[in-house]
Amino acid sequence: MTELEARKFADLEAIRAPTLGGRLARWRTALGNAWHELRKSRTASIGAVMLVLLFGACIATPWITTYDPIKQNFRERLQPPSEKHLLGTDRMGRDIYSRLLWGGRRLVTIALLAVTFGLSIGIPYGVLSGYFGGKVDTVAMRFVDGLLAFPGLLLYLLIVTLAREWKMEGIYNDMVLIFALGFAFTPEVARLSRSSVLVEKQKEYVEASRAIGEGSFAIALRQILPNIVSPLIVNATVRLGYVILIVAALSFLGLGTPPPTPDWGSDLAAARDYMETAPLIAAFPGLAICYTVLAFNLFGDGLRDILDPRLAER
Amino acid sequence: MAETVPRPVLELDGLTVRFRLRRGDLTAVDGVSFAIERGQTFGLVGESGSGKSVTAKAIMRLIPDPPGEIPSGRVLFEGSNILDKSDAEMRALRGRRIAMVFQEPMSALNPVFTVCDQISDALRTNLGLSKAEARERVVELLSLVGIPSPQKRLDSYVHEFSGGMRQRVMLAMALSCNPGFLIADEPTTALDVTIQATILELITSMIERLGMSLLFITHNLGVVAHACDRVGVMYASHIVELGDKREIFANPQHPYTVGLLNSIPRLDGHAKYLTPIAGSVCNMMEPPSGCKFHPRCAHAMEVCRREIPRLKEIAPGHLAACHLHDRGTA
Chain A
1 MTELEARKFA DLEAIRAPTL GGRLARWRTA LGNAWHELRK SRTASIGAVM
51 LVLLFGACIA TPWITTYDPI KQNFRERLQP PSEKHLLGTD RMGRDIYSRL
101 LWGGRRLVTI ALLAVTFGLS IGIPYGVLSG YFGGKVDTVA MRFVDGLLAF
151 PGLLLYLLIV TLAREWKMEG IYNDMVLIFA LGFAFTPEVA RLSRSSVLVE
201 KQKEYVEASR AIGEGSFAIA LRQILPNIVS PLIVNATVRL GYVILIVAAL
251 SFLGLGTPPP TPDWGSDLAA ARDYMETAPL IAAFPGLAIC YTVLAFNLFG
301 DGLRDILDPR LAER
Chain B
1 MAETVPRPVL ELDGLTVRFR LRRGDLTAVD GVSFAIERGQ TFGLVGESGS
51 GKSVTAKAIM RLIPDPPGEI PSGRVLFEGS NILDKSDAEM RALRGRRIAM
101 VFQEPMSALN PVFTVCDQIS DALRTNLGLS KAEARERVVE LLSLVGIPSP
151 QKRLDSYVHE FSGGMRQRVM LAMALSCNPG FLIADEPTTA LDVTIQATIL
201 ELITSMIERL GMSLLFITHN LGVVAHACDR VGVMYASHIV ELGDKREIFA
251 NPQHPYTVGL LNSIPRLDGH AKYLTPIAGS VCNMMEPPSG CKFHPRCAHA
301 MEVCRREIPR LKEIAPGHLA ACHLHDRGTA
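Protein sequence lines, in the order shown, are assigned to chains A and B.
In terms of this note's numbering, the first sequence has 83 at position 83, counting the first letter as 1, and numbering is strictly consecutive.
In terms of this note's numbering, the second sequence has 104 at position 104, counting the first letter as 1, and numbering is strictly consecutive.
One or more of the hints may lead you astray.
[As the list claims (entries may be wrong)] Which bits of chain A does chain B cover? Going by a derived footprint, with three or more residues having C-beta under 8 Å, they are:
(1) 212 to 218
(2) 223 to 229
[Said to hold, decoys possible] Over 10 Å on every C-beta distance to chain B, these chain A residues come out as not near it, computed from the model:
(3) Leu-162
(4) Tyr-205
(5) Ser-209
[Unchecked claim] Restraint-style ranges between C-beta atoms, simulated for each label pair:
(6) B:Asn-81 with A:Val-199: 33 to 41 Å
(7) B:Arg-23 with A:Ala-25: 54 to 62 Å
(8) A:Trp-166 with B:Asp-155: 49 to 57 Å
(9) A:Leu-253 with B:Asp-155: 50 to 58 Å
(10) A:Val-199 with B:Glu-201: 32 to 40 Å
Hint data in this document are derived by calculation from the structure and do not stem from the laboratory.
We put the beta carbon where it would ideally sit given N, CA and C, even for glycine.
Chain B on its own, in the form it takes in the complex (with noise of 0.2 Å):
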């Protein structure tokens, strides 16, 4: 390891992402913490709802204001604050720097438009070139992501492509434009099982391949363990474990990290059972006081209900929100 620390591409500070809905305000990203280096990937845990999506579309700036709101927080961008940024200077930044695979390829590619006009639409927009020069140039984009015969499918609409191919597609337009930071939310969960790892394996090659940084959010810790360098999991708008995926597969530290782990089936057959998290995710309107995961939680104490815990550094690099490591250093 080299002596100067590199800045990492991404990094969210306190970033907190409200909606103000009729019904009341929603939290949906809480202070969320993390910073994603230079050609790593970064996998975001969480069951549906933890704000994982939330969190993705803040940092592109995609949340719709009204109802969203970004009341603190940062989202520095290779040093600089995209929050900060106008609407002119973001869509700059849209495609060419950040881009963004979508978890529904179908409904994420325009049906009217063939897949050559689709994303050469997106060339001739960023980059400017021509008709023709936009067209060899998704031939090209068209191979890479591993589309036979990119030739013939060019002039092709999006529902003559099976799911696999139009989620090539949706790469090969994220990829379109050379972004050095890609955000990947659930691309393999509208899937066939057997089409999910042809596809997370393309990813991740790609990511290698074009020197790519990567934010990749799923639900599946099957796929992050295959796929990411650090893992951040989310529960109910909050980080509560963030460490590399070694560490946190090996020594999990919070309680629903914990559980996440027992709920996938092994094959080396130590437990005859899976052990499921109880109760199932609290109402974000009116969330439980203290540390969100108490009332599921195993060991939940008197502190759990009164304080939200904050994340702590247990190991070097590896840290968990639980009050569980309160004890040692209190």
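Chain A with its partners taken away, still in its complex shape (with noise of 0.2 Å):
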């Protein structure tokens, strides 16, 4: 490759490969620029704020609350609100201020780790089926088609219950209802990255990729998938609130997280015996879930119309 004789032009410092200073900077161009343009679009921004505050409040759990959430103390059953216990405490003495964020910090885990998991089974199939196409696509889509015939809520109560059988407990339980919630994503994930790659696979680039010498599942992962990814990221945001609603409910149908373990869906439910007495324990978990399925779903939607120009309406 010395043959072409134009290595003097190049100035060899400044062609390294950037610097960690360097690509920190770049970062913060990066984060600066996604700022940006968030805030064009209102909803995303009130949402990122939403996000930002929700996610600060899960890290600094252990040093932001000050009670065990699990321990009982009945001598301070029911109590109001008060600069001992910011939002009182519930039926058994427990702190609902601590009990609320650690149940937040588990459930925004569990959702994270879920959609994470049906993204990650879901786009290498989608993108897979989508870019090869003919008989290998149909027999895959035909697939997805039965998976999405099949009711979500049913399939969860289906492995809930069946891992109640087998006595899961603990990081177990929870593990079986990531993989449900991640598994019931998967299908909806494959339609939407196939129908994407469809459209994209058509363009002039891919056909490049080809020329230069690149092999199919190259084209396929590290070309187009680069492409397709904002249709992604907003279905996954907002799935992120759907799951978080789907857990609590199953919670407080009493499936899925078992007390005493904390739990917005359960202690709402727990909370429904005092409804008259103390109302403003069942309004806090209430209110938990409210703000961070508002959280997600503001965001996804703000995202939507940032990414996406064409739906945005004006």
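Assembling the complex is the task here: the two chains are given apart, and the hints tell you how they should meet.
Here's what the structure looks like:
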């Protein structure tokens, strides 16, 4: 390759791979650009702020809570909000503020893992199916159609009941939940990525990559995939809110997390008995669920407006 | 000239490409044969839809199958038939031995990658270079194709370049793995007229400098006059005339070539008006019988309706497919 005598032009110092400082600077510009884009949509900015608060609280939980969320204290049952207990206590005298934060931390983690699991299976499945097309695609998509025909809630109930039958507890129970929620998300992701690939693979750069000697897998996953992430990001964000709602609903029905683990759904269910005497106990987990789902939905909707200007209503 | 005839880099022998569409079969390339010698620039000229690009894609084996198929013909690249190669052999050939420059530099470059990432991707898959080596090589390539201060443009995205600069990037990418043979599919068509000449100049100088052979596809005879050694004129899936550039321009033998040359404005002021070719390109789903050009041809005879004319040598190295030339031999 030295027969190209262009080396004299090359300033070798300047072309070294970027240093750590350079990389940090690039990240900072990228973040700055992202924030600039985000501000185009008020919905997205509100959602983003709400999400930053939510994630901040989840991360900081061990430091900003003062009580053990499962420690019972019968001398301080059903107390209204006070300086000692910011949001009061429940029927077992547990600090609601602490339970809310610990429960949220767990809930958000489960939702993130479940959605990541769904994406990591659904994306390669859909992308490869769409890229290779033909018979592979037909068979793969009929299978997805079959999965989509199966009602999600029924699937969760089935899997959760099985887990209970098999005496799975603690972390195993959570893993089963994550698996069920992620699995139910897979067909949707597969379809969405496939349809985006069908559009994208017609573009000339795909042919150009083939002409320069790249293989099919490299083209599908390295060249096409980065071009179709925006609808997937939007979908995953909205899905996060939905997953949180489902987990809360399952716990509310007594199928999710067994007590005494802090959980918004089961706390809400337990608070029903005190609706008349101490309605605030039910209000807090309810509001928490509301806030979280709203945050994800606002952010997701706003993102869609930013990423796909054709859909935005102005 | 040496006594031993050097083997051509690329030789097409009766290449036929057909698309099976729902409405019926469409033959986009029909029995096309030509050869490109080492170091030569071959221009393939024709109207839109004449089968030029399909020919190029068939050489690269980029015809999607289905619906496309190649029922007959051979494409000999350096002596071996490309159509017999496995997909893996083909991948090894693409980029490293044959490369291609596309018409639309905007859509032929991936919008989500920087120029450096894009070109070094090719270098790393084909030549196994490390990230740093690839980066250095990209700078060399970019300065080779005349992009000013390449080290500053390395991490720019495609949309940050102008049309002409994009085409330079495209060319740098095609040249990245030192291919011996380049296919340029209308590389100047999407560009500003002022940029066209620059890019054309760049491509021809690269070819000369790196000792490559070039298949140049265009509908612009001016470009052919400037860049090519030998010319093939295509009309409705057939090659109708084939010869050295000088021969074709000075002594065109096929009525279609004559028509094409007459539709170019001239500066020496012989003709007051341009003479366009009457009618338009035939519908390739239902091509006319016999010579595909006969409905538009001023010299059409009875035989043109019945028989497809064969390419015949009229002068040494100059071939035309027209019944007008039968009379002398018959």
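* Asked: Hints broken by the structure, by number, lowest first?
  -> Numbers 4 and 5 - these are the hints that the structure violates, sorted from lowest upward.
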